[in-house]
Amino acid sequence: MLSASEFTDLEFNPPSASERFRPLVRILFVVTAVLALLAPGSESTAQTNNGISDTDAVLITKVRQAGLWEMPSGMMAMQKGSPKVKDVGFAIMMDHGRLDVATRSIAQKLGATIPDQPSDEQRGWLGEEMAAAPGPAFDRVFANRLRAAHGQVFAILAQLRAGTRNDDVRAFATVGNQAVMRHMTMLESTGLVDYDSLPTPVVSTTNAPAGAALGLDTGQITIAVILFALLGGALFYMLRQVKSNRGKARASSRPAMTRTGSSRG
Amino acid sequence: MIRFPRSVAASALLLTASALLTACSSGSGAPSGGSAAGGGYPSGDGQMGPMVLQMPQPITANSNDPAKSQIRGARTFDLGRMLVDGTGFTIYRYDRDSTNPSRSNCNGACAAKWIPVSAGGNLPPIDVDQALVGQITRSDGSQQLTLAGWPLYHYTGDDEPAETAGQGLDQAWYPIAPDGTKITMTQDQWRQDAFGL
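Here the protein sequences come in this chain order: A and B. The first sequence lines up with residues 1 to 265 when you count with the working numbering. The second sequence lines up with residues 1001 to 1197 when you count with the working numbering.
FYI, nobody ran anything at the bench for these hints, they're computed from the structure. Quick caveat, the model's predicted, so the values are computed rather than measured. There is no bait here: all hints are sound.
Simulated DEER-style distance windows between Cβ atoms:
(1) B/Gln1189 <-> A/Lys86: 29 to 37 Å
(2) A/Thr222 <-> B/Met1185: 48 to 56 Å
(3) A/Ser105 <-> B/Ala1194: 16 to 24 Å
From the three backbone atoms N, C-alpha and C, an ideal C-beta is built for every residue, glycine too.
Make the full structure from the sequences, and use the hints.
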C-alpha cells in the first residue's frame, strides 16, 4: 500500500493533469460511497421532526391502538360473555379509557400523531368476536385474542420503559405496564387462555454476544464485517491503480529512482 | 485501456456491498415485524368492509341510555374503587351539596355541565351497597340518585370510560367511591405511591 510520503510524491510529480486527478476522483468516489452506505444506519437512531424518537412514537401508537379495539371488545364482552368474562371486559374497557386519556395527553404534549382507527388485524379480531356465539364460544375468542395482543404490547412497553430517554415516556410506560400486566392476569383468570398458542418467548439463553452493548445482533455484525471487507478490497484495487499510475509516471520522468514496497501485479 | 476492467471490478465490489447492506437491513426488519403482527395466530383476512365499531359513549352522546342511570362499583388499575355508570363513565359528587338532608346545590348552567344521574332507571346497581343508594327530588321536579346521601352527577367533559377530567374542578367536584368518599388521588400520585417514591 502507499505511504503518506508516496502520496505526497504523487502530487508533486504528476505525469499529466488527467492522469493525476483520475485516482483522486476514484478515491473520492469510494469515500462518498462509504458515507452514503453508512447514512441510513445513523438515521434510524435520529429524532423525528417532532422531537420524539421513533421508538417512543411506536409505544404511544401501540397503546392508543390497543384501546381502539379493546374498548369495543370490552363492551361486546359485557353483552355476549359469561358472567366472569363480562366483568373482565368491563374492567378492561375502563382501564383502557384511563390509559387512552393518558395516551392522548402525552401525544399532544410531545407532538406525536396517533391513529384513530383500529388496524386491519384488530378489525379482523373484532370480526371474530362479533361472529362468535354468545357464551363459551365468545369467551374463548375474547380471552385468547386479548391475551395475545396484550402480550405483544407488554413486551413493547417493557423494552421502552427500560430504554427510553424521555421522562414523560418513561412515566407513561410505567403506568401502561401496570395496566397491561393487570389485564393479562385478569384474562388468564378466566381459565380460557391457551398458552401453547402464544408465541414462544425470544430471549437469549447464551451469554450476550459481542456487539450486544451496541444493540447489534449477530446478523448486523456479519453484515458490517462483509461490508468492510468488500470496501477494503475495493480501496485496495483503487490504490493499486494509483500506484500503477505513479510507476508509469516515474518510468517516463524519473526512471532512476529506487522502488520499495510491494511489487506490482 | 488495460486498467478499465479493474475500475469496473472495484465498482462492482462497491455496488455489491451497498446492495448487501440495503438488502440485509431491510430484511432484518421484516421478519420481526411480521412475527409481532402474527402473534401466534393465523391473522384474520384483514380486508373487511367498513365496520361499525361500538365505542363507549359519553353522557353528551345519549343521555337517554338506560345504562347511564345505572350505577356500578368498579375498580381501575390506578385509582382503585370508584363509582361509574353502567357504561363505565365516572360518577361525581359535589362538595357544596349537603347530605343530611340530601340536597343538590347545582342547578341551571351548573346542571347542564354536571348532569344529574336520574333515578328510576330499570337497571339495578351492581357492586354497590344497596343501603347507601337513595334518591332526591330536584328543584325542577326531576329525580336524582344519591349515594351515602351525596347527589350523583355525570360530567360532560369526560369522553372516555373512567376518565376523571372533572376531578378537582372548582375545588369541589370529585369522583365518588362506592362507599361515598371522594377520590382525590390522581394517576401521577398513584404511580408514585405504587413504587414507594
